[in-house]
Every structure is written in structure tokens, then in C-alpha cells.
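Visitor: Here is how the chains run, residue by residue.
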Amino acid sequence: MSTHQATIVVKELNHWFGEGEARKQAIFDINLEIKAGGLTVLMGPSGSGKTTLLTLMACLRAVQSGNVTLLGQKLFGIEERQQVAIRRKLGFIFQAHNLHESLSAVENVLMGLQVHGSGDRQKQRNAAIHVLNALGLGDRIDYLPMNLSGGQKQRVAIARAIVANPQVIFADEPTAALDKDTGRHAVEILKALGTQRNTTTLMVTHDNRILDMADRIITMEDGKIVSDELR
Amino acid sequence: MLGLLSKLLGRIPIGWLQLSHNRPRMLAAVFGVAFANVLVFVQLGIIGAFNTSIAKTYQPFVADIIISSSDANTMSDGSSISRRYMYQSLSNPNVESAAEIYVGTLNWNMPNGKAASMQVYGIPPESMNFINENLRAKMAHISLQNTMLLDMKTRGLDKQTLNQLMDNNKPIEMNGIGLSLQKVVSIGGGFGADGNVFVSDQTFLRLFPKKQGGTPSHLLLQLKSHAINTEVSTSVVNELRTRLSAEDIQIHSLQDRIAQDVNYQMTKRPVGVIFGFGVFIGVLVGVVIVYQVLSTDVADHLKEYATFKSMGYENRFFLSVITEQAVLLGCIGFVPGSLLAILIYALMSTATGLPVSMEWSRMFIVLFGTIIACMISGFIATRRLKSADPAELF
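Protein chains in written order, with numbering that gives the first Met the number 0: chain A, 0 to 230; chain B, 0 to 393.
I should point out that these hints are in silico values taken from the structure, not numbers from a laboratory. There could be a bad hint or two in this list.
Taking CB as the label site, the calculated pair distances span [said to hold, decoys possible]:
(1) B:Ile371 with A:Gly137: 23 to 31 Å
(2) A:Lys88 with B:Met362: 43 to 51 Å
(3) A:Gly137 with B:Gln291: 15 to 23 Å
(4) A:Arg80 with B:Arg382: 16 to 24 Å
(5) A:Arg80 with B:Glu230: 25 to 33 Å
Straight-line alpha carbon distances no greater than 30 Å define the calculated DSS-like cross-link-like pairs of lysine-lysine that follow [said to hold, decoys possible]:
(6) A:Lys122 with A:Lys88
(7) B:Lys137 with B:Lys302
(8) A:Lys223 with A:Lys23
(9) B:Lys113 with B:Lys158
(10) B:Lys137 with B:Lys223
(11) B:Lys302 with A:Lys88
(12) A:Lys122 with A:Lys223
(13) B:Lys210 with B:Lys169
(14) A:Lys10 with A:Lys223
(15) B:Lys152 with A:Lys122
(16) A:Lys73 with B:Lys137
(17) A:Lys34 with A:Lys10
(18) A:Lys23 with B:Lys137
(19) A:Lys88 with B:Lys158
(20) B:Lys137 with B:Lys152
(21) B:Lys210 with B:Lys55
(22) A:Lys88 with B:Lys169
(23) A:Lys179 with A:Lys73
(24) B:Lys302 with A:Lys179
(25) B:Lys55 with B:Lys302
(26) B:Lys137 with A:Lys122
(27) A:Lys23 with B:Lys223
(28) B:Lys223 with B:Lys169
(29) A:Lys179 with A:Lys122
(30) B:Lys137 with B:Lys158
(31) B:Lys302 with A:Lys190
(32) B:Lys385 with A:Lys73
(33) B:Lys223 with B:Lys267
(34) B:Lys223 with B:Lys55
(35) A:Lys10 with A:Lys190
(36) B:Lys302 with B:Lys385
(37) B:Lys113 with B:Lys137
For every residue, glycine included, the Cβ atom is placed at its ideal position computed from N, Cα and C.
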């Protein structure tokens, strides 16, 4: 291992789906190290295993063979209590925004804070509003998701993911539902977090419009890494 | 409401927000809870009336101990017993006085064409101190032969017929004997009989020629000093049981006897058992409806729950959200449920003359039971949470 600890270390990782005859390998012998800070993009055709790799690294899927070390925690055979603890240090942005339809924008963002304990309600609310303001949603804080546009919803989802200052952000096609400008703006926010707070961002994307902002681009094909390019 | 809830829960009241977001679903759940509440309340109301009406058959009397035939389970069934037990009991130094009472049932064809089953009590005129104070003054009027007190609340007896009976001095015919109506009393029928009649023991024996004098249905004892001292009462009961040691009688304190009667009719006779089942079915209906609603709600929010799981929310959190919903549904549904029940009680009591009424204790028990039942439904509904897998979100 290098002198300063890497955020994510992947060692001889293999993964299979299905049982018996139908068992199919999706990830082949992957070794990877991702350092703290910066925006890493995972690319590749659909079915190349990039989303599977992302969920394995993000502690959302159980590691079958090999190991992933995330923020110093080995994920193979991890206990539920540790799993919960590590997930609280992460931020997730999904392709579908996955906002809670019954909660207003600010309440959705608050859910990202309250997972760490209820604490001072007013302080939490102010923090949530601050993030929404920074994302240009200051006039939409009490709107329900159904009254927001696609881009606004995705920005609320980003606010929810970053409000608790996560150390690593995992994003899956966060710009797929956005137009070019909104998409670039969303990625700029994530990139800014990298420079300001040394947040590590790992993003699966097909979107060529934002590739120029990536610090590192890893390309996968058939469950293997075919190129790994630093910029 | 929202502020209070989030203070109570220490978090955003997601359960409530989720419920109120889908109004038709919430309405269905509230209706379901209310429906189950009404079912349970009606059954409990009937059971309550059942118990009250059983206790009522003992209420005309003031006594500490009752001796009945060993095959008697209620006031009105069982064989006759021998009067000699009365004299034997009087030799216990703690027994002040004793009385024999006769109980029988007859059919009365009322002048308005309706028929009523009447519970007839035959009481010796010298035993008036065994009669409840409210009735005692009127009882003085039945010492003459062929005189009676009639229950004005007898089922089927309308006001007009009653006035007619009171105004004209014609005797009322029962079992072929003409009885002169002296006074009316207000008691009301129960599940067994439609109304009550009080006569002297001599008149009773004329009304029921098959019964013999000296073989009453029950014997009542009053203890000295009239102190309702359970210790003394128990010791007297025990002494009598040992000394009389007859297989054909049973000796109990009056309270014990009433409790046994209620218990017998509730558990051994079909009426009581059926209403007991009714309560069970009501609870079951409520649990099923609330479970259905909550589990559909969980299924509809699997994606959101999986997202929360990925963010690091624990199982405890989801349990608390579903419990929040369950308790809220229980409380909200209880309001229309209990109001409707009070209305139905009024209708039932008018229609049957049975003492069906709402009691605070019953309200509390049902509210408490509703919340518990809803929580059980919620607990079952959480099993669906297992399918909320954050790995499926990407």
C-alpha cells in the first residue's frame, strides 16, 4: 500500500450471479486502488459489470471472493452493524432520484442528516437549506418531488447525498435524466466537493459530455478493466 | 399535528406523511379499524348487558350467603331444596336470619296480544328484610294472597297496556290464577326472561301447583352485624359446608355466586360463547385489514426504504416508521369506531330493552387493544422489508 492510505482498495475481486448451471461470472479478478479526492469515472458498455463493481465497492452487495477495503474497513463478511456504520460515511446518487414522494425537498435532504441522530432540529434544517441554496433550489425547499422538474429532483438527491459531508460519493448515471447544462452543473458540484473537502467521487456514466471533468477514467468490458487512464 | 409528531418521534414523521400522502389508502385503513372497533364494541356491549342482566336477577335481594341446589347454575334453574337446611344454618352463631325464596318462570299472555316469559319470585312476607331497600316498601303490598308486583319494563308491555292494567281493577291472569296488580317496579328483562313478577310464597305455590311448600329454590342468609366481612362470611360458609355436608346443596357467598353464575353463562352456555367468539372475529378482521394496508404501503415504498437502507438507516428505523403508522391508524380509526358504537348501543338498548351502554373502562380497553392489534399487524407487515435491497437500486 502507498504511503497515504487509499480510499478504496480492490484485491482479486470476482463476482458471480445465479446458482448452479445458470451461474455466470460478472467480475473477473479485478485489482484497483482509488486515492482520496478527485472524480473517478467508470465507463463501459452495458453489461460490462461496472455497476456491479460499483455496488461491491459501495458496500451495497456482499463480496463473494477477493476483498474490497473501503475507508479502512474490509467488506468481505462484514457484520450488519459495521455495514450500517460504513454506509453512513458514504453518499449515494442514483440514476432515478429515489426521493421520497411524501417528503418535501428539505425533508428529503434532512433524511441524509438524521441518519446520524436527531440532534438540534433547527441547526439541521438550516444545514439542509444551506445545501439546497448552494444547488440553486432555495425557492423550492418546501416543494414535494412531484412538483419539481427532473433536474431539480436530481439536485435534491445530490443535496441529500452530500449534506452530511460523506467521505465517498457513489453515483450511477447521475446525469442521464438531465440536459447538458444541468448535467455539467451537477458534476461540477461534485468535483468542487473533491477540491474543497477532499471527497472521493466514483461515478458510473455513459455521458460523454462530462468526461472532460474526470480526473481518472476506468473502462470496463466483460467484467474486466480494459483501460485505466489518469488525467 | 406534524410538529407534535416530529417532537415525539425525534425525526420527520415519515409514517404519517406517507399515510396522508395517499388519502384513499388511509381512508380504507381508518374505515377498517373503525369497522373492527364497532364489531368488538357491539360484542362487548352484549356481553356487558349479559353480565348486568345476570347480576340483576340477584339484585332484589340483600343477603350475605346463598344456599342453592347443587344442580343450580343460575337464579332460575336447578331443583328445589329442603327447608330444613335453613333451620340448620340458623344454629351457626354468626347467622342473624334466614329466608327461603321461590323462583319460577311462566308465560304471560298480555292483554295487547303479546306473550312474555316472566321470572316469578315468591317471597315470604316475614322476610322483607331480605329485600332491597328500593323494593321493600312496595313488597308490603303483596302479603295478601293473589296480589303481585309487576315489572313495568317487561318486554312487549307498552305504556297504554300498562296504564290500562293499573286503572281497571280486573285481576291479571297468569297460569290460570287471577292476580291483583298492586304496584309496578322497574327492573327490565334479561336474556332469560322478558320481565319480573313478585308475589308472596303462598301465591307462588298457587301459581306453580307442582312446587311444594317447604322446598324453596334458594335459601338466603344474613350475617350478624351486617358487616360484609369476607373473613366471617368465609368461615360461616366453611362451617356450614362441613356441618350440613349434603351432596344436594351448594353454599356460597352471594358475590361468589353471582360471579359463578356469570362465568357459567359466559363459558358454558352458547349465548356467552358466541359473543366471546364475536370479539375474537372483530379483532381478527381489524388485524387483517390493517396488515393489508400497511404491507401494501411497505411494498409501495420498497424503493424509498432501500434508499434509506443504503444511507445507513437501521432496521429499527423502519420498524419505528411502520409502528408509527400502525398506532396512528389505530387512534384515528378509534374515533369514528367508538362514536358509531355509542350510536349502535342506543339503538340496541331501545330495540331489546337490554342494558347495553358504553363504559369508560371498555373504551380504554378497546383503544388499548386496537393499538396493540395494529402494532401486531405492523409487525407482520415488516416482514416485507426484507425485499428492500439497496443493491437493486443501481
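Visitor: Are arginine 80 of chain A and glutamate 230 of chain B spaced within 25 to 33 Å by their CB atoms?
Guide: 60 Å, violated
Visitor: Taking 30 Å as the top limit, are the C-alpha atoms of lysine 137 of chain B and lysine 152 of chain B close enough?
Guide: Distance ~16 Å between lysine 137 of chain B and lysine 152 of chain B Cα, so the pair holds.
Visitor: Below or equal to 30 Å on CA atoms is what counts here, so check lysine 223 of chain B against lysine 267 of chain B.
Guide: 35 Å, violated
Visitor: Check whether the Cα positions of lysine 223 of chain B and lysine 169 of chain B lie no farther apart than 30 Å.
Guide: 43 Å, violated
Visitor: Tell me if the straight-line CA distance from lysine 122 of chain A to lysine 88 of chain A falls inside 30 Å.
Guide: 20 Å, holds
Visitor: Taking the Cβ atom of isoleucine 371 of chain B and the Cβ atom of glycine 137 of chain A, is their distance within the range 23 to 31 Å?
Guide: 45 Å, violated
Visitor: Are lysine 137 of chain B and lysine 302 of chain B close enough, with their CA atoms no more than 30 Å apart?
Guide: Answer violated: lysine 137 of chain B to lysine 302 of chain B is near 76 Å, above 30 Å.
Visitor: Against the 30 Å threshold, does the CA-CA distance of lysine 223 of chain B and lysine 55 of chain B hold or violate the hint?
Guide: Cα-Cα ~25 Å, so holds.
Visitor: Straight-line Cα separation of lysine 73 of chain A and lysine 137 of chain B no greater than 30 Å?
Guide: 92 Å, violated
Visitor: Using the C-beta atoms of lysine 88 of chain A and methionine 362 of chain B, is the stated range 43 to 51 Å upheld?
Guide: The hinted range 43 to 51 Å holds for lysine 88 of chain A and methionine 362 of chain B, with Cβ atoms some 50 Å apart.
Visitor: Against the 30 Å threshold, does the CA-CA distance of lysine 10 of chain A and lysine 223 of chain A hold or violate the hint?
Guide: Distance of about 13 Å is within 30 Å: holds.
Visitor: Does lysine 23 of chain A pair with lysine 137 of chain B here, judged by a C-alpha cut-off of 30 Å?
Guide: 96 Å, violated
Hint compliance for this structure: hints 1, 3, 5, 7, 12, 15, 16, 18, 19, 22, 23, 25, 26, 27, 28, 29 and 33 are not met, and every other hint is.
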